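Trainee: Next come the chains, spelled out residue by residue.
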Amino acid sequence: MKSAVVQLPGLNRDRDMVDALTKISGHAPVTVWQTETEIPDVDLIVIPGGFSYGDYLRCGAIAARMPVMQAIREKAEQGVKVLGVCNGFQILVEAGLLPGALMRNTSLRFVCKEVLLEVVNADTDFTRAYGQGQVIRCPVAHHDGNYFVDDATLSAMEDKRQIVFRYAGGTNPNGSLSDIAGVINARGNVLGMMPHPENLIEAAHGGTDGRALFASALDVIAA
Amino acid sequence: MIKARVTVTLKNGVLDPQGKAIEGALSSLGFDGVGHVRQGKVFDIELDGADKAKAESDIKAMCEKLLANTVIENYTVAID
Chain A
1 MKSAVVQLPG
11 LNRDRDMVDA
21 LTKISGHAPV
31 TVWQTETEIP
41 DVDLIVIPGG
51 FSYGDYLRCG
61 AIAARMPVMQ
71 AIREKAEQGV
81 KVLGVCNGFQ
91 ILVEAGLLPG
101 ALMRNTSLRF
111 VCKEVLLEVV
121 NADTDFTRAY
131 GQGQVIRCPV
141 AHHDGNYFVD
151 DATLSAMEDK
161 RQIVFRYAGG
171 TNPNGSLSDI
181 AGVINARGNV
191 LGMMPHPENL
201 IEAAHGGTDG
211 RALFASALDV
221 IAA
Chain B
1 MIKARVTVTL
11 KNGVLDPQGK
21 AIEGALSSLG
31 FDGVGHVRQG
41 KVFDIELDGA
51 DKAKAESDIK
61 AMCEKLLANT
71 VIENYTVAID
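If you read the protein sequences in the order shown, they are chains A and B. Read in order, the letters of the first sequence are residues 1 to 223 in UniProt numbering. Read in order, the letters of the second sequence are residues 1 to 80 in UniProt numbering.
With the rest of the complex left out, here is chain B:
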């Protein structure tokens, strides 16, 4: 079995109100020196088989079709 981790983040220039709220909350907790915070999503996906190249291309297709909205989001894929 192959394990993949997909990380989806907002593209640069896309406003992230949730990240901003978290940024403010960290400062109000007394953490100094917190710069910009951007919130994203992580998906851990298990795939049958052992072909890592195929797994990677399948996962990329999943990102393009569903996991990420490429109008506003970027994604990265890590295969374990």
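Looking at chain A on its own, in the form it has when it is part of the complex:
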């Protein structure tokens, strides 16, 4: 499985993501700069975390209007898998590829800690290597991860099992509605999540709970 990592000014988790994808799939991903209008043939496109455009206006708002996002939108329409982590998730909601919005944490503080996540839907292309209802550890590091969506949309999303990860065990770090940590589009090929699975993939990270997400998305046997 081939993958691509998107690079925008201000993103700073791109090298962590390249490292995770390389270690888990055995192949280095291609990197794609924000001005590209075409993306090579890949099975998975990842928008990593960081602070694109300094979080000016709204987190992810300016990045979501860059040329590369139109290319990603076209790939997503063709069924290519797209993963957005942290700022990548904020960019996907700003681009309208995922429902909802990510607002300032209710604490008004930047949170950098480990949380627990429940795998609410293990029947997606990103989570099938997890067990349904499995609780995993995962780091978070963000200032604006407070997921909001209107009631009608939330209820439709729940019907379609679009909530993929929820903060578990009272670890909601940001006031997210319904403890939502990660959501998928109705078609099931675009996933956004605030936590950083790429930072928990090897013993040196203190755990490997994030590995199964990439193993699922890259279609490799979980190690």
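Check before you lean on any hint, since a few could be wrong.
[Said to hold, decoys possible] Lysine-lysine pairs mimicking DSS-like chemistry, simulated, CA-CA at most 27 Å apart:
| no. | chain 1 | residue 1 | chain 2 | residue 2 |
| --- | --- | --- | --- | --- |
| 1 | A | Lys160 | B | Lys20 |
| 2 | B | Lys52 | B | Lys20 |
| 3 | B | Lys65 | B | Lys11 |
| 4 | B | Lys3 | B | Lys60 |
| 5 | B | Lys60 | A | Lys113 |
| 6 | B | Lys41 | B | Lys54 |
Because the hints were derived from the structure by calculation, they are not lab data. None of these values were measured; they are calculated from a predicted model.
With the hints as your guide, set chain B onto chain A.
Mentor: Just chain B now, with coordinates in the frame of chain A:
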């Protein structure tokens, strides 16, 4: 030249933690009777030309495409 002012505010029902913090700070400064505080954004935009109707429709398009996130925010446009 036309000057426009765009005001972006959070929709009713959307939690505004920054507004809440400001509300608390105003009370702690001794201002009595402060009710709800909601924080928003203001954009002052200059536009070439003199056609106010066109300016207004352009500014509205800018709001829809970039200045406001209509999932959580409302906007108003005032043309000078």
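Trainee: Look at each hint and say if it fits the structure.
Mentor: Tested hints:
1. Lys160/A / Lys20/B: Violated. Lysine 160/A to lysine 20/B sits at ~34 Å, over the 27 Å cutoff.
2. Lys52/B / Lys20/B: At roughly 37 Å apart (the allowed maximum being 27 Å), lysine 20/B and lysine 52/B break the hint.
3. Lys65/B / Lys11/B: 17 Å, holds
4. Lys3/B / Lys60/B: 14 Å, holds
5. Lys60/B / Lys113/A: 40 Å, violated
6. Lys41/B / Lys54/B: Holds - the C-alpha atoms of lysine 54/B and lysine 41/B are around 23 Å apart, at most 27 Å.
Consistency with the previously given hints fails for numbers 1, 2 and 5, ordered from lowest to highest.
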